[in-house]
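Residue numbers (my numbering), protein chains in the order written: chain A, 1 to 333; chain B, 1001 to 1122; chain C, 2001 to 2147.
Note that these hints are calculated values from the structure, not bench results. Wrong hints could be hidden among the right ones.
Said to hold, decoys possible - With a Cα cut of at most 20 Å, we get these calculated DMTMM-like pairs of lysine to aspartate or glutamate:
hint, chain 1, residue 1, chain 2, residue 2
1, A, 333, A, 292
2, B, 1057, C, 2050
3, C, 2004, A, 180
4, C, 2012, A, 188
5, B, 1027, A, 188
Being a predicted model, the structure only gives us computed values, none of them experimental.
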Amino acid sequence: MKKDIIKLKRTPKITSTYSVVGHLEKEGPLGEFFDEYSHDDKFGKDSWEKAESEMQKRALSGALKKSGFIDTEIDTLLAGDLLNQCVGSNYGLSSFDTGYLGLYGACSTCSEGLLIGSCLYGGGIVNNCAVVTSSHYCSSERQFRFPLEYGGQRTPTAQWTTTGAGAFILSENGRVEISEVMIGKVIDKGIKDISNMGAAMAPAAINTLKRFFLESEHSPDFFDLIVTGDLGYEGSEILKELLLSEGIDIRKNHVDCGLMVFDREGQDVHAGGSGCGCSAVVMASDIVPNLECGILKNVLFLGTGALMSPMSLSQGGSIPAVAHLVRLSSLVK
Amino acid sequence: MDIFLDYLWAFVIGGCICVVAQILIDKTKLTPARILVLYVSLGVVLTAVGLYEPLVKLAGAGATVPLTGFGYAIANGVKKAVDEKGLLGAITGGIEATAGGISAAICFGLVMSLVFSSRPKK
Amino acid sequence: MNEKEYTEYVEKRAKKSPILKNCLFAFLFGGGICTLGQGFFHLYTYLGLEETDARTLVSITLIFIASLLTGLGVFDNIAKIAGAGTLVPITGFSNAVSSQAIDTKSEGYVLGVGAKIFTIAGPVILYGTFTGVIYGVIYYIATLIWG
């Protein structure tokens, strides 16, 4: 039988992480755990796209510094963002003397990068690699929705793009290992509402989790946390409800990065955060550090991406989605 | 007293025109852009068949300030121009009548872009 | 669950916009802007302008106010509450043009601001003008037939 779970014989460890965020994320519940932030979201640059690139640059520099590596010791850089031609990554990381692969997986890019990096390491192809992803509220609004000053109303199911970049260094050193990964399938359930991306992504997350638990020796209870990327309130509720109807109960240990990064009551972010940067900064600042000190032992990280294109939507298309899974374990006894 | 009534009607009619759009936004799948296109075209049509003029008489700015009023201005401009210049007026009348608004919007827009930069939401 | 069932399931469970509250604010803000317009109209006719010119000047005044508030970053915060109340009056048209202009200046004044200024407001001008032209042609033919 074809196996969907990729079990890594040579398991990479997360050597270091680094997170850079904007002002709204800094004011959020995880504010104190982020490594760096900009009070005006501009990071000293004159355009939002350049600001996003700067975030990626700072995130990678920070992670490299923490890991003790220099850029020439890194074999491959896996990076992505939400912008056309991945300009956030392309420009942000051009100053590093490292092989570079640009990725696009919408908001799933963080897990996609960790997955590919782990496979490259697991196959013995690289020894050290780095994963960087980012999103910026302002550059995303411009590209996908309206100008920032445009006066519009959001519906309650709309999500708020996280301003942030997260970087991860994978090598043989570290206290958190990636032992299994699973590549997501593109799932399209016909959702066309740009203001309800959670609902567009939930079926992809359900598909990946169902396949994982069908094949895995572990039940959902085995994991301390099942972390989804950015389903937000709406998508998380759909995920839990529909999985339960299939006999998979993740209500006790499910968390969503989109719900963790902002305070939905106090911050006007509607259904929660989204974007490549959302899961990246939450993983880098909260989940991975908790694995490193042994508070968490086993975690499933499921990056969810709505592969939305404004052009396809205006041509009548719907929003396909993908969800990649990465299993993280703490090596602390 | 008359002045007070003028303001009251402007407020009520203007408010109602906006409420209809709000219901369309919240209850249907129509995007705001489509609703505005609908409004301006509807303004032209209603003026053409003579239904909008009474509303303007009653509510003044309450009927001319919403985008249907933009259509009203276009239709009136076209009619006047056709009366004066014949078929050529059908082409020139609409833009002529709304020249003030369009020109103001783009010129102020340019000036604002020279003075201000976009900023993140607080 | 097939696509249709899923879409229906999602739509049913999605929290709806607070329509009563939205309508109330749309009414108050929309009505308020129109009343302000009426005030300017009285002022301009009092100053001796004829009716059509006064109306045009009212539009220009409101366009200027909305444009300035857009530049100051205030308009979108008002619109968040007012909804259609700021969108439907001429203020919404002004905001669509100004916000686009400010937003695209990072791509330069010709290909950024210049080329993209009508991205949001363009449809209104196109279809307004086009409907007007059709009306003009019909009206012209009608005057030929019935004098």
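Results of checking the hints against the structure:
1. For the given pair, residue 333 (chain A) sits about 10 Å from residue 292 (chain A) by alpha-carbon distance, which is consistent with the 20 Å threshold.
2. Between the alpha carbons of residue 1057 (chain B) and residue 2050 (chain C) the distance comes to roughly 15 Å, so the proposed pair stays at or under 20 Å and holds.
3. This hinted pair does not check out: residue 2004 (chain C) and residue 180 (chain A) have alpha carbons roughly 34 Å apart, beyond 20 Å.
4. The straight-line distance between the Cα atoms of residue 2012 (chain C) and residue 188 (chain A) is roughly 19 Å, inside the 20 Å bound, and the hint therefore holds.
5. In summary, the hint linking residue 1027 (chain B) to residue 188 (chain A) is not supported, as the alpha carbons are separated by about 25 Å, beyond the 20 Å threshold.
When held up to the earlier numbered hints, the structure conflicts with 3 and 5 and fits the remainder.
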